[in-house]
Amino acid sequence: MLPSNDTWSERLETALSAYDVQLVRQIAARLLKTRSQWPIDELRQRIREACGNAPVIDRRLKDLPEACVVLLAAIGVSGRPSWTVSRLVEMLATLGHAEGLTPIQRLFEEGLVYPVEPPKDRKVRHFDYWLSNGGVDGLRVFAHPQVTRRARLRDLGLPELPAVVPARGEPREADGLEWPARLAIAWQQVDEMPLRRTMQQGFFKRDLQRLRSDPLLAAPFADHPSDVPDAGLLTVAWAQACGLICADGTELRAAEFPEAWRGGTPALIAHLWHSLAEVESWDPIRGWEVGGTSNPFPAVYPLVLAVLARQPEKAWVRPDDVEKWLVSSHPFWGGMNRSPGWGRTLLVGLFYQLKLVQIAVGPDKEFVVRLSALGRWLLSGDAAPPPSQFFEQTLIVQPNCEVLVFRQGLTPQLLSDLTRIARWKSIGTACQMELDAARVYRGLESGLGLEDALHMLQRHGMRPMPDNVADALRTWAGKRERIVVYDSAALIEFATPADLNEALNRGLINRRLNDRIGLVRDEDALDYRHFRLTGTRDYGAKAEQCLMVADDGLTLTVDASRSDLLLETELAGVAEQLDSTPDSRTYRLTRASLRKALDAGYSLADLEEWMTQRSGKPLSPAAKLLASPDDSAEFRLEPCVVLHAPTEAMADGLLQWPESRDLIQSRLGPKALVVAEADVSKLRGVIYAVNQRFLGG
Amino acid sequence: MNPETRLAVKLHRRVCLVLTDDAMLAEELLARKKLAQDVAGRLTDKALLVRSGRVEAVVEELKRMGHTPRVVARGEA
Numbered sequence: 001m002l003p004s005n006d007t008w009s010e011r012l013e014t015a016l017s018a019y020d021v022q023l024v025r026q027i028a029a030r031l032l033k034t035r036s037q038w039p040i041d042e043l044r045q046r047i048r049e050a051c052g053n054a055p056v057i058d059r060r061l062k063d064l065p066e067a068c069v070v071l072l073a074a075i076g077v078s079g080r081p082s083w084t085v086s087r088l089v090e091m092l093a094t095l096g097h098a099e100g101l102t103p104i105q106r107l108f109e110e111g112l113v114y115p116v117e118p119p120k121d122r123k124v125r126h127f128d129y130w131l132s133n134g135g136v137d138g139l140r141v142f143a144h145p146q147v148t149r150r151a152r153l154r155d156l157g158l159p160e161l162p163a164v165v166p167a168r169g170e171p172r173e174a175d176g177l178e179w180p181a182r183l184a185i186a187w188q189q190v191d192e193m194p195l196r197r198t199m200q201q202g203f204f205k206r207d208l209q210r211l212r213s214d215p216l217l218a219a220p221f222a223d224h225p226s227d228v229p230d231a232g233l234l235t236v237a238w239a240q241a242c243g244l245i246c247a248d249g250t251e252l253r254a255a256e257f258p259e260a261w262r263g264g265t266p267a268l269i270a271h272l273w274h275s276l277a278e279v280e281s282w283d284p285i286r287g288w289e290v291g292g293t294s295n296p297f298p299a300v301y302p303l304v305l306a307v308l309a310r311q312p313e314k315a316w317v318r319p320d321d322v323e324k325w326l327v328s329s330h331p332f333w334g335g336m337n338r339s340p341g342w343g344r345t346l347l348v349g350l351f352y353q354l355k356l357v358q359i360a361v362g363p364d365k366e367f368v369v370r371l372s373a374l375g376r377w378l379l380s381g382d383a384a385p386p387p388s389q390f391f392e393q394t395l396i397v398q399p400n401c402e403v404l405v406f407r408q409g410l411t412p413q414l415l416s417d418l419t420r421i422a423r424w425k426s427i428g429t430a431c432q433m434e435l436d437a438a439r440v441y442r443g444l445e446s447g448l449g450l451e452d453a454l455h456m457l458q459r460h461g462m463r464p465m466p467d468n469v470a471d472a473l474r475t476w477a478g479k480r481e482r483i484v485v486y487d488s489a490a491l492i493e494f495a496t497p498a499d500l501n502e503a504l505n506r507g508l509i510n511r512r513l514n515d516r517i518g519l520v521r522d523e524d525a526l527d528y529r530h531f532r533l534t535g536t537r538d539y540g541a542k543a544e545q546c547l548m549v550a551d552d553g554l555t556l557t558v559d560a561s562r563s564d565l566l567l568e569t570e571l572a573g574v575a576e577q578l579d580s581t582p583d584s585r586t587y588r589l590t591r592a593s594l595r596k597a598l599d600a601g602y603s604l605a606d607l608e609e610w611m612t613q614r615s616g617k618p619l620s621p622a623a624k625l626l627a628s629p630d631d632s633a634e635f636r637l638e639p640c641v642v643l644h645a646p647t648e649a650m651a652d653g654l655l656q657w658p659e660s661r662d663l664i665q666s667r668l669g670p671k672a673l674v675v676a677e678a679d680v681s682k683l684r685g686v687i688y689a690v691n692q693r694f695l696g697g
Numbered sequence: 001m002n003p004e005t006r007l008a009v010k011l012h013r014r015v016c017l018v019l020t021d022d023a024m025l026a027e028e029l030l031a032r033k034k035l036a037q038d039v040a041g042r043l044t045d046k047a048l049l050v051r052s053g054r055v056e057a058v059v060e061e062l063k064r065m066g067h068t069p070r071v072v073a074r075g076e077a
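So the protein sequences, as listed, match chains Y and U.
Residue numbers are given in the numbering used here: position 288 of the first sequence equals residue 288, and the series is strictly consecutive.
Residue numbers are given in the numbering used here: position 17 of the second sequence equals residue 17, and the series is strictly consecutive.
Okay, chain Y solo, but in the shape it has when bound:
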């Protein structure tokens, strides 16, 4: 679904806030004809409001060169307020205004088009300055829908094509469900197995082959006056463009069905039509092509519809004539004489299946086309779509769990709900689907409730649903309840079991986990008026320091206000509990507990890291002593002779002087040195040699 008017107004405000003050004043002077020096914020507000002021916009349009008005009208007719600058230049050239960037620059300076993503690091001073940030291919501009609505009333200068009288009078019109059904199939396939993309945004060979030959995505159309090349690949690219599937790194994954799938078929077709211009990797001539020559068709689609809308309402035209006009006018083909031959594929293939055009057999047995009521509505910009018939009972659930779906009553909502819960088996005028455990599970996981699914199948069923199918659905749903995984639950830990009971009585807790802990599914719905928080722990954040280590290096006291539930299980693995009260919990590291932790697979480095994380201090020497393996260290007891030097400097001197240093075994302290008993007499001699006193020995 395209963003609403309010969203575009917000974007306009964002763009204006990225403009330099001088540029805002310049736009205000042109758009609002202001004479006073208004404060800048007020000017921005007035510019924004002016977009919804039809008389002001009409007056400005009257003053603009024709190319500018034609450009705004073309944007309005396309139904997409946002386009790249290069596409707008192409459209203008096709409409007879090959004036390059000049009309876009004028509209920019008039405050009638704005950059979609203005630079964040510096203010925009003028058009060239902004253009230098990207280039015409990458930069996108938008015109507010309320502005283009005024401009689209103007004549685009489109030609009247030769009218043709069909050989047979009755027009053919598709039901418009072919593409929605294929997009739903693409969603289901990607939901079950994400697609991988190459660096160039293409598909790997195996996926490419599969999408080209997939029995569902590449199946012939149920009503197929013309084929479309690489229909499967187009479907996947289109599904991404319309938000049905989304890129997640290098993978394409299923997204939620967009809002447009909850409305009627016309609204969904409008949504698909608007997103078709985002598909750059497919065209009706070459089919799927990534990274090849540039694709002119995103800007061609709205012009094709516009030229059909220009013809009298009942008039039929040849697809070739539409193509000839575009080939002669569009800069991509540069007025080439030979027709590339895409008119039939585009109009009788792609657009016919989208219900945008009606077809009939022409005098030369070739199909002729004219805009359908839906196509005309799409271009008109009217809010109310043409009325359509609706048949509520449109499917049959069979005892073998197969579901036969007739397209007459298929709506986008029903299509999306069925796709979530039943596997596609075939696509045609009657589609075949199947309910199976895996698909039902995925459907329920996507948010569809069991009762909703049963109600949907019963409500739209032409016959009552077989009991065995309803039982199977209930069994599969029940199996899902055996294990519940919460990815972000809130647990409330109470001081006493009585407090937890009180909270349950007040309806504050969804589920009791143990005698003091309750589970709340939605933390945002927690009523804090009933609680006094003594502590909060966020499990998405890094583990907090919540242990205090006593002087013995072994006794650990838990800081209850900062501890978490993981701590208790971690402590149970490395320490023994000494004492536990609601306010204080004490543990001790013992040899048995530490050896148990090491035997369970932890290394001493793991324990050290854990202790540093939890207490801010490394594992104490006492704990390391207790954790050391059996027979891994040897303690020796032996008598020794200690020499006490009068000062620390004297002791340093003995250790440095070559005459004495070999006689010192080790240093016990600043002034205490160990001497071997056999060397005592030698050391005495050395000290006497420097005329100092030697006592003892």
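Hints may contain errors.
Label-pair distances were calculated between CB atoms; the ranges are [stated by the list, open to error]: (1) Ser603(Y) - Ala36(U): 16 to 22 angstroms; (2) Asp579(Y) - Arg64(U): 42 to 48 angstroms; (3) Arg64(U) - Glu366(Y): 54 to 60 angstroms; (4) Arg64(U) - Ala633(Y): 26 to 32 angstroms; (5) Ala31(U) - Gln393(Y): 45 to 51 angstroms.
Under the rule of at most 30 angstroms between Cα atoms (straight-line distance), these lysine-lysine pairs were calculated in the BS3-like manner [said to hold, decoys possible]: (6) Lys617(Y) - Lys596(Y); (7) Lys63(U) - Lys542(Y); (8) Lys479(Y) - Lys46(U); (9) Lys479(Y) - Lys33(U); (10) Lys365(Y) - Lys324(Y); (11) Lys479(Y) - Lys34(U); (12) Lys63(U) - Lys205(Y); (13) Lys205(Y) - Lys425(Y); (14) Lys33(U) - Lys596(Y); (15) Lys596(Y) - Lys46(U); (16) Lys542(Y) - Lys33(U); (17) Lys596(Y) - Lys542(Y); (18) Lys34(U) - Lys542(Y); (19) Lys425(Y) - Lys63(U); (20) Lys63(U) - Lys33(U).
Calculated directly from the structure, the hints in this document are not laboratory data.
For each residue, glycine too, the CB sits at the ideal point set by N, CA and C.
For this one, chain Y is given, so just place chain U on it according to the hints.
This is chain U only, laid out in the frame that chain Y set:
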């Protein structure tokens, strides 16, 4: 207790948790080596605490075991 009384509590936010239907099922899950390494602890006989950021891996492993777990995201009822 006065219904107006505010209860002293400690809030544990963004906890990853697996709740099983029965204790035997929890045992079965813990016996699975690949699953056990993502389980930080056992809160009760039916509640397993999952290491932060490992929920997706746990769900995938549960599916490989043939289970069809219900995954409750934040805010879901």
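Checked hints:
1. Ser603(Y) - Ala36(U): 16 to 22 angstroms: holds (18 angstroms)
2. Asp579(Y) - Arg64(U): 42 to 48 angstroms: Given a distance of about 43 angstroms, which is inside 42 to 48 angstroms, the answer is holds.
3. Arg64(U) - Glu366(Y): 54 to 60 angstroms: holds (56 angstroms)
4. Arg64(U) - Ala633(Y): 26 to 32 angstroms: Roughly 46 angstroms apart at Cβ, these two residues miss the hinted range, so it is violated.
5. Ala31(U) - Gln393(Y): 45 to 51 angstroms: holds (50 angstroms)
6. Lys617(Y) - Lys596(Y): Satisfied, since the Cα-Cα distance of roughly 22 angstroms is no more than 30 angstroms.
7. Lys63(U) - Lys542(Y): Roughly 29 angstroms separates the two Cα atoms, so the pair holds.
8. Lys479(Y) - Lys46(U): holds (16 angstroms)
9. Lys479(Y) - Lys33(U): It holds: about 23 angstroms lies between the C-alpha atoms, which stays within 30 angstroms.
10. Lys365(Y) - Lys324(Y): Satisfied, since the Cα-Cα distance of roughly 19 angstroms is no more than 30 angstroms.
11. Lys479(Y) - Lys34(U): holds (22 angstroms)
12. Lys63(U) - Lys205(Y): holds (28 angstroms)
13. Lys205(Y) - Lys425(Y): holds (24 angstroms)
14. Lys33(U) - Lys596(Y): With Cα atoms ~19 angstroms apart, Lys33(U) and Lys596(Y) stay inside 30 angstroms; holds.
15. Lys596(Y) - Lys46(U): Roughly 25 angstroms between the alpha carbons, so the hint for Lys596(Y) and Lys46(U) holds.
16. Lys542(Y) - Lys33(U): holds (25 angstroms)
17. Lys596(Y) - Lys542(Y): holds (26 angstroms)
18. Lys34(U) - Lys542(Y): holds (23 angstroms)
19. Lys425(Y) - Lys63(U): holds (24 angstroms)
20. Lys63(U) - Lys33(U): Holds. Lys63(U) to Lys33(U) sits at ~15 angstroms (cutoff 30 angstroms).
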